[in-house]
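Trainee: Chain by chain, the residues run as shown.
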Amino acid sequence: MNSVAIQMIRSVGPPLCALIVAGVFVYAAQSKIIEPRQFVFDIKNYRMIPEELLHLMALILPWWEVAGAVALLIPATRKAGAALIIGMLCMFIVAVSYAALYKGYNISCGCFGKGSAQAGIKTIALDVGLIIATLIALVPRRRTVKVGG
Amino acid sequence: MYSIMPPRQGGKRDGPFVLHEIGKCTVILILATAAAAAANHFRAKPLTWIRRDVTPSATKPSMTLETSARQSAPAESVETATAEDAERSAQPVLPPDDAPADPAQPAATESTAPGMAAEEVAATIEDVLDALQTGSAFLVDAREDHEFADGHLRGALHLPSSAIYKNIERVSSVVPVDAKVIVYCGGGQCEASHNVSDALRRDFGYAHVVIYLKGWEEVVGSGRFEAFIERGGE
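For the protein sequence lines, the chains are A and B, in the order given.
Numbers 121 to 269, taken from the working numbering, label the letters of the first sequence in order.
Numbers 192 to 425, taken from the working numbering, label the letters of the second sequence in order.
If you are wondering where the hints come from, they were derived from the structure by calculation, not from laboratory data.
Glycine included, each C-beta is placed from N, C-alpha and C at the ideal position.
A hint or two may mislead.
[Claimed, not checked] DSSO-like mimics (lysine-lysine), calculated; alpha carbons at most 30 Å apart, straight line:
hint, chain 1, residue 1, chain 2, residue 2
1, A, Lys242, B, Lys357
2, B, Lys215, A, Lys199
3, B, Lys357, B, Lys236
4, A, Lys223, A, Lys242
5, A, Lys199, A, Lys242
[As the list claims (entries may be wrong)] For each label pair, taking beta carbons as the anchor points, the in silico distance ranges come out as:
hint, chain 1, residue 1, chain 2, residue 2, range
6, B, Glu417, A, Glu172, 28 to 36 Å
7, A, Leu139, B, Val218, 51 to 59 Å
8, B, Arg243, A, Val248, 20 to 28 Å
9, A, Ile154, B, Gly326, 33 to 41 Å
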């Protein structure tokens with residue numbers, strides 16, 4: 121019974137994690153795509169990006185999130201999608217660590233547009249959790265193969 | 192029937208395999224960037240790809256009424272005018288309603304950058320009190336909902352910096368674009384008022400927006416606003 125349960129978890133776990141991570145990223149991106157002007161200020165609050173590049177980042181970053189999410193769901197591009205997502209999450213962790221923890225800025229993380237939590241330890245913990253889920257999504261599903269005639 | 196794992200790939204494929212995945216990443220990013228460009232192109236108000244700073248110099252943290260007058264503060268200082276300095280200043284921060292058409296009046300002093308209109312200087316505590324007593328300017332509170340509910344200046348319009356474009360009707364339905372607007376937030380390192388004033392100038396055409404840099408911190412600490420503090424939300 122235990123081995124059956126484990127097999128079920130190993131067969132359902134990776135695609136479920138892929139779906140969760142992709143869903144979080146698409147949800148996070150949609151409000152930023154709809155209103156990029158607001159996202160400009162979220163990025164500006166971190167005080168890490170030059171003023172001239174704020175629009176560029178606000179326009180491109182949400183679409184990169186969507187692209188990474190979609191790529192994670194497609195088997196042929198799953199590894200590439202995971203690499204993009206993990207890369208972006210690492211970038212977010214560095215940004216939050218610098219702005220909120222090192223500099224002590226009291227800012228919204230800007231992760232989900234309006235209603236985003238304050239940038240801090242919880243944001244970093246969420247990002248680490250998403251990285252772990254993305255890695256789980258990469259675990260290949262066990263395949264059963266007929267052997268013999 | 193037996194379940195077997197797929198055979199491990201040999202080391203010889205690792206190099207090209209990694210390059211293959213990097214190539215996929217590159218293609219995905221290029222396609223995503225193209226989608227971003229297309230979405231922006233068809234937007235009602237497309238964003239420029241390179242952002243130009245339209246913030247008047249005196250409202251930047253590096254230069255305010257007080258620091259430019261003293262010429263002693265470091266570049267990143269956010270020190271602002273106090274009531275005493277405002278009284279010593281020979282130049283009014285906000286021009287009177289019958290001000291001459293030429294915005295360059297009084298002559299550029301140490302309090303303003305050359306060629307800068309007087310109304311572009313950061314607001315002082317006296318300006319805010321005057322606005323409360325005489326209605327000479329509209330007040331905009333850029334703090335978050337719970338901060339506004341805990342206490343705000345009487346008559347201040349609530350436009351949180353985290354949701355400017357969702358709530359802009361609160362200001363645009365009441366304040367004419369040629370009216371004087373004073374934006375405040377928590378004070379200190381709070382950037383909310385900068386963001387809101389930037390949006391009002393850049394996206395909604397408000398020409399006379401100034402920032403009360405010391406914000407709520409001074410409102411509470413000065414003891415001069417007791418009669419003008421309200422509590423509760425919108």
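Trainee: Does each hint fit the structure? Answer for all of them.
Mentor: Here is how each hint holds up against the structure:
1. A/Lys242 / B/Lys357: holds, 26 Å
2. B/Lys215 / A/Lys199: Between lysine 215 of chain B and lysine 199 of chain A the Cα gap is close to 9 Å, so the pair holds against 30 Å.
3. B/Lys357 / B/Lys236: holds, 15 Å
4. A/Lys223 / A/Lys242: holds, 17 Å
5. A/Lys199 / A/Lys242: holds, 27 Å
6. B/Glu417 / A/Glu172: 28 to 36 Å: Violated: the Cβ-Cβ distance is about 44 Å, outside 28 to 36 Å.
7. A/Leu139 / B/Val218: 51 to 59 Å: Once the Cβ atoms are compared, 23 Å apart, the range 51 to 59 Å for valine 218 of chain B and leucine 139 of chain A is violated.
8. B/Arg243 / A/Val248: 20 to 28 Å: violated, 37 Å
9. A/Ile154 / B/Gly326: 33 to 41 Å: Given range 33 to 41 Å: holds, Cβ gap about 36 Å.
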